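What follows is each chain in one-letter form.
2 protein chains.
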Amino acid sequence: MNLTEMGAKAKKVSRLMGKLGQEEKNRGLLAAADALSASQRQILEANEADVREAEARGMKPGMVDRLRLTASRVEAMADGFKSVAALEDPIGEVESMKRRPNGLLIGKKRVPLGVIGIIYEARPNVTADAFGLCFKSGNAVILKGGSDAIQSNLAIVKAIREGLKSAGLPEDAVQLISDTGRESARELMRLNGYLDVLIPRGSAGLIRTVVENSTVPVIETGTGNCHIYVDASADFQMALDIIYNAKTQRIGVCNACESLVVHRSIAAEFLPLLKKKLDEKQVEIRGDEESCRLAEGIVPAAEEDWGTEYLDYILSVKLVDSLDEAIDHINRYSTGHSEAIITKDYANAKRFLDEIDSAAVYVNASTRFTDGAEFGFGAEIGISTQKLHARGPMGLRELTTIKYVICGDGQVRP
Amino acid sequence: MNLTEMGAKAKKVSRLMGKLGQEEKNRGLLAAADALSASQRQILEANEADVREAEARGMKPGMVDRLRLTASRVEAMADGFKSVAALEDPIGEVESMKRRPNGLLIGKKRVPLGVIGIIYEARPNVTADAFGLCFKSGNAVILKGGSDAIQSNLAIVKAIREGLKSAGLPEDAVQLISDTGRESARELMRLNGYLDVLIPRGSAGLIRTVVENSTVPVIETGTGNCHIYVDASADFQMALDIIYNAKTQRIGVCNACESLVVHRSIAAEFLPLLKKKLDEKQVEIRGDEESCRLAEGIVPAAEEDWGTEYLDYILSVKLVDSLDEAIDHINRYSTGHSEAIITKDYANAKRFLDEIDSAAVYVNASTRFTDGAEFGFGAEIGISTQKLHARGPMGLRELTTIKYVICGDGQVRP
Chain S
1 MNLTEMGAKA KKVSRLMGKL GQEEKNRGLL AAADALSASQ RQILEANEAD VREAEARGMK
61 PGMVDRLRLT ASRVEAMADG FKSVAALEDP IGEVESMKRR PNGLLIGKKR VPLGVIGIIY
121 EARPNVTADA FGLCFKSGNA VILKGGSDAI QSNLAIVKAI REGLKSAGLP EDAVQLISDT
181 GRESARELMR LNGYLDVLIP RGSAGLIRTV VENSTVPVIE TGTGNCHIYV DASADFQMAL
241 DIIYNAKTQR IGVCNACESL VVHRSIAAEF LPLLKKKLDE KQVEIRGDEE SCRLAEGIVP
301 AAEEDWGTEY LDYILSVKLV DSLDEAIDHI NRYSTGHSEA IITKDYANAK RFLDEIDSAA
361 VYVNASTRFT DGAEFGFGAE IGISTQKLHA RGPMGLRELT TIKYVICGDG QVRP
Chain B
1 MNLTEMGAKA KKVSRLMGKL GQEEKNRGLL AAADALSASQ RQILEANEAD VREAEARGMK
61 PGMVDRLRLT ASRVEAMADG FKSVAALEDP IGEVESMKRR PNGLLIGKKR VPLGVIGIIY
121 EARPNVTADA FGLCFKSGNA VILKGGSDAI QSNLAIVKAI REGLKSAGLP EDAVQLISDT
181 GRESARELMR LNGYLDVLIP RGSAGLIRTV VENSTVPVIE TGTGNCHIYV DASADFQMAL
241 DIIYNAKTQR IGVCNACESL VVHRSIAAEF LPLLKKKLDE KQVEIRGDEE SCRLAEGIVP
301 AAEEDWGTEY LDYILSVKLV DSLDEAIDHI NRYSTGHSEA IITKDYANAK RFLDEIDSAA
361 VYVNASTRFT DGAEFGFGAE IGISTQKLHA RGPMGLRELT TIKYVICGDG QVRP
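Chains as they are written, first to last, in UniProt numbering: chain S, 1 to 414; chain B, 1 to 414.
FYI, nobody ran anything at the bench for these hints, they're computed from the structure. Because the structure is a prediction, the values reported are computed rather than measured. It cannot be assumed that every hint is accurate.
Said to hold, decoys possible - Here are the computed lysine to any residue pairs in the SDA-like style, where the Cα-Cα straight-line distance is at most 25 Å: (1) K350(S) to K82(B); (2) K19(B) to D324(S); (3) K344(S) to M97(B); (4) K98(B) to D89(S); (5) K350(B) to Y404(S); (6) K281(S) to V299(S); (7) K109(B) to E355(S); (8) K344(S) to R332(B); (9) K275(B) to D409(S); (10) K165(B) to G18(S); (11) K108(B) to A347(S); (12) K344(B) to V412(S); (13) K109(S) to R332(B); (14) K350(B) to G18(S); (15) K19(B) to A347(S); (16) K9(B) to S322(S); (17) K98(S) to D345(B); (18) K12(B) to D409(S); (19) K165(S) to E355(B); (20) K82(B) to D324(S).
Stated by the list, open to error - Below, a sample of chain B positions facing chain S; criterion: calculated Cβ distance under 10 Å: (21) P112; (22) S147; (23) N192; (24) A340; (25) S358; (26) Y404.
Ideal Cβ placement from N, Cα and C applies to all residues, glycine included.
One chain only, chain S, in its complex shape:
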């Protein structure tokens, strides 16, 4: 099937989905959860084939781990649908309905976006997660996963569609592009008229490709060169605990800390303590010239270190003379994801919150909290690092839009 046909099907079904009530949508999600559980054997077999081929091609173990499904991971996907079913439906609410002087009633009604495209790499769980959130928010979804996971994705989507069908709901609420080539990716990026938004999830390279080539609106997600600034007044123990957590609790995620900015006045005392703490996890510290002098074992950073998202046991360190310099450095090199200040100073905390231009700005807490579940959204489809439409963790509400509904009794414009 070509993409225009898929787009037309999705658009058609999205009209139906906009009319579904919360109960029907939850019935669909629970049926999809049951179908995933019932198809566990087929999904695991398909995944086994993907993993075998990936290993034969020499895929790195870390990537293979993201690709691999187990019985409990399939159950986690099914449980994910149940969690989404438990979330409140954002659709249909009319906000701020007001009466204009001419008697017109004008309100903003929350409605689905329509058709959402998701383009991603080798994580088959994205297939299920994306469907769950799109379905609950009344959107049809077209999925384009990576070739490494194609057999897993086909099996997962087949099960979800069977579940929807058994619940009397439209199967085309989810469609998977079975052609994993680049040509179909490019076609998806230019499916204006059918696709209301395209969300890339994955590596910085994938996201850049989508931003540069899409003519449909894109929500840029994910890349996180997150900074922590240790202010002159910081509580050292708090700073060490937060940095240790933000750097090492999980290294491969976008909200992990990649770069430290430290006030020069405390560096001589703080950096040796930091080195010692991070040695527990063999974190390599790459510092500017002075940092290297202040603590043994800190290796020299190059200019490109300041802009690098390592996703590894590596951390860069830059010394500054002032909060101004810290803010300038962070606003220059960060990807606008998450940044934190560790301070006891009220004015500095306030200025950091005001002047750092990122999706999530923290005082005295780990950047690892930038996450839909941690923010209380129940689930997330990604973390937006752009400013348009959605910023930070995107939950159900970020998959909706509004339309103006206007009730009159014959008004014309004078």
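Starting from the known structure of chain S, fit chain B onto it as the hints suggest.
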């Protein structure tokens, strides 16, 4: 100056602007208003030169009228700044600050988008309007107007910058690209890293070019193939008044009605009345086969008429057998701008509001009300016909985004 330098300047100044309070911003707007008035002679002279050259090139009178400034039009721009100064500042509000179970306080703070690009054609008033709204919402703006109005635009921007300077505010809050060539337009569309959003204002062709070539996020505005559906139960007089208003009150605007959908059961009676009413303004009616038979003087429509935004004294008419057919036709051919139903039937009104997929959906009122001032926003920068970020008239709030501010006391993620 090249665009990267302009982008860097804008980005730098946008950091300052995010910190300006409402009083400072209003002072800037009032100073800019005074400067426009004081520079009236220079602006009119520059405009006279633009108009002379445009006429020499054979520009159509309607276009020349849009290009031409008069003393009262310059005063209207200055008054526009005063009106924007009177609007409430959306920046700085923190929405729904909540305490999470771990004690973190998480809130959404409303902040400027940062740097906004506006690309437009030959209307010099857009120069002033765009600056006013961007400035009040704390954004730096880079303007790229059409070559036809370049001398007018240069004079207007010069005056505004002088006004800002006299008020001690950063002149680079507004920059105009003086090179009016296509190459600089393309460069602007790819100014990622500096531009947070690009808003095209003007013809369908301009908007398409921007959507297809931009790598920065775009808000699509304007094109309006607006429909009115006359239901079987419609009050004929109301329908005639609304159609007459929506079609003829101002023909060159995006919220004018371009196409009529009429229930077949009333067509024989209604169409002759419609023809008579629209004859008052010599409106050409292009109808499907049956319409042509039902009223003398209706001329045959071709397939492309259903998708055409005439911006002229022309209206297409399509007959349908049901509300379903009307909704399908409208959702297929409309540009998602504004559509209205004329009906006495509650269920049909409700279904139309629910199922029409447009920015503004009306019951028993003219589509001409889709406008920032009419909606009570005070002013607008354009009307979005896309679903991402903003839909319908865009006021100050639509030129903002949020960031999450998180206050902790040492929280780390378990």
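Hints versus structure:
| no. | hint | result |
| --- | --- | --- |
| 1 | K350(S) to K82(B) | violated (32 Å) |
| 2 | K19(B) to D324(S) | holds (14 Å) |
| 3 | K344(S) to M97(B) | holds (21 Å) |
| 4 | K98(B) to D89(S) | holds (20 Å) |
| 5 | K350(B) to Y404(S) | holds (13 Å) |
| 6 | K281(S) to V299(S) | holds (16 Å) |
| 7 | K109(B) to E355(S) | holds (12 Å) |
| 8 | K344(S) to R332(B) | violated (59 Å) |
| 9 | K275(B) to D409(S) | holds (23 Å) |
| 10 | K165(B) to G18(S) | violated (51 Å) |
| 11 | K108(B) to A347(S) | holds (20 Å) |
| 12 | K344(B) to V412(S) | holds (17 Å) |
| 13 | K109(S) to R332(B) | holds (21 Å) |
| 14 | K350(B) to G18(S) | holds (14 Å) |
| 15 | K19(B) to A347(S) | holds (14 Å) |
| 16 | K9(B) to S322(S) | holds (23 Å) |
| 17 | K98(S) to D345(B) | holds (23 Å) |
| 18 | K12(B) to D409(S) | violated (50 Å) |
| 19 | K165(S) to E355(B) | holds (23 Å) |
| 20 | K82(B) to D324(S) | violated (34 Å) |
| 21 | P112 | holds (9 Å) |
| 22 | S147 | violated (25 Å) |
| 23 | N192 | holds (7 Å) |
| 24 | A340 | holds (8 Å) |
| 25 | S358 | holds (7 Å) |
| 26 | Y404 | holds (4 Å) |
Violated hints for the displayed structure, listed by number in ascending order: 1, 8, 10, 18, 20 and 22.
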